[in-house]
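Enquirer: Chain by chain, the residues run as shown.
Number of protein chains: 2
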Amino acid sequence: MEILFKPIGIVHSPFQKKEEIETEKFAHPQGFDSIEGELEIFREYEAGLKDTEGFSHLIVIFAFHESEGYRLHTKPFLDDTLRGLFSTRSPHRPNPIGLTVVKVIKRKGNILHVQGIDMIEGTPILDIKPYTPRDQKISIKYGWLEDKMKKK
Amino acid sequence: MEILFKPIGIVHSPFQKKEEIETEKFAHPQGFDSIEGELEIFREYEAGLKDTEGFSHLIVIFAFHESEGYRLHTKPFLDDTLRGLFSTRSPHRPNPIGLTVVKVIKRKGNILHVQGIDMIEGTPILDIKPYTPRDQKISIKYGWLEDKMKKK
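Protein sequences appear in the order of chains A and B. All letters in the first sequence, in the order written, are residues 6 to 157 by my numbering. All letters in the second sequence, in the order written, are residues 6 to 157 by my numbering.
It cannot be assumed that every hint is accurate.
In this list, chains with the same sequence are indistinguishable; a pair is considered to hold if it fits within one copy or across any two.
Stated by the list, open to error - Result set (BS3-like, lysine-lysine): computed pairs, CA atoms no more than 25 Å apart in a straight line: (1) K11 - K22; (2) K22 - K108; (3) K146 - K23; (4) K153 - K80; (5) K55 - K155; (6) K111 - K55.
The hints are simulated quantities; they were obtained by calculation from the structure and are not laboratory data.
So that you can see chain A by itself, here it is in the shape it has in the complex (with noise of 0.2 Å):
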């Protein structure tokens, strides 16, 4: 079984490249918060945006185009111990999807301005969801990130 997608839009990063992504930023739960970028959202998709603009945030779903292959246990980027890999967020993936909660600053037609930005230019979007109270995970433990991770 296979399942196809296609991309509905495109981010648009002030990183061009993966190099610039500086990987100690995820070790603060806002390390990326005052990242702004743009969510182009092709024009054959522009009316789903409507309502978008009432949320505070938004769920972006993307893939991570240029990552090539995957290991079961990976060293993740704030750590130097293998991990098993669905414990880590690396873009490493069997599917490589990724996932970031975005800010929403404005939307101006089909362009989303928005904080929060961890993809780098040109990155496909594969869609968008609206951050509700049920993705809001209160007392939480984060395994082997505890350490690595300053608290909010």
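Knowing the structure of chain A, use the given hints to seat chain B on it.
Expert: Showing chain B alone in chain A's frame:
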């Protein structure tokens, strides 16, 4: 440009059919919290589950495999006004990708026992990611949903 994904596992759910999922449950942030199920990750990916049990919550990315077609303006479960598709969590999307944050109860080999299941039996899993403080947005606005969804 098209991107090909293949399932890494399947969801085992008490819901056999879409019609069994009471959509009013979506009006409560904890509406599905008590619904238990299993994420069966195929054996070839099992090693990637190492360390996931250290996290209280995981993000499950899956395919809405029974969803066909979409409309850019749609009536969400919880509303009777037409809303922009990307401001809803409708399963009918240009790329029928779903996302649910589940609570980990325990892992047994390639099976994750979880709470918070809102998918149907047999749903193809595309990815599992750890839920981290970067995904916690504490102060949020949620547009048209604010009148429809009870506060936490």
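Enquirer: Now tell me if each hint is right for this structure.
Expert: Hint by hint, here is what the structure shows:
1. Taking CA atoms no more than 25 Å apart as the test, K11 paired with K22 passes inside one copy only; the shortest distance there is 22 Å, against 27 Å between copies.
2. In the homo-oligomer, the alpha carbons of K22 and K108 lie at most 25 Å apart inside one protomer (22 Å), although the nearest pairing across protomers, at 35 Å, exceeds that limit.
3. In this assembly of identical chains, the alpha carbons of K146 and K23 never lie at most 25 Å apart, being 29 Å within a copy and 31 Å across copies at closest.
4. Taking CA atoms no more than 25 Å apart as the test, K153 paired with K80 passes inside one copy only; the shortest distance there is 13 Å, against 43 Å between copies.
5. With identical chains, the CA atoms of K55 and K155 are at most 25 Å apart between copies only, with a shortest distance of 23 Å across copies and 36 Å within one.
6. Taking the shortest alpha-carbon separations for K111 and K55, only the intra-copy value of 12 Å comes in at or below 25 Å, while the best inter-copy value is 40 Å.
When the structure is compared with the earlier hints, a violation turns up for hint 3 alone.
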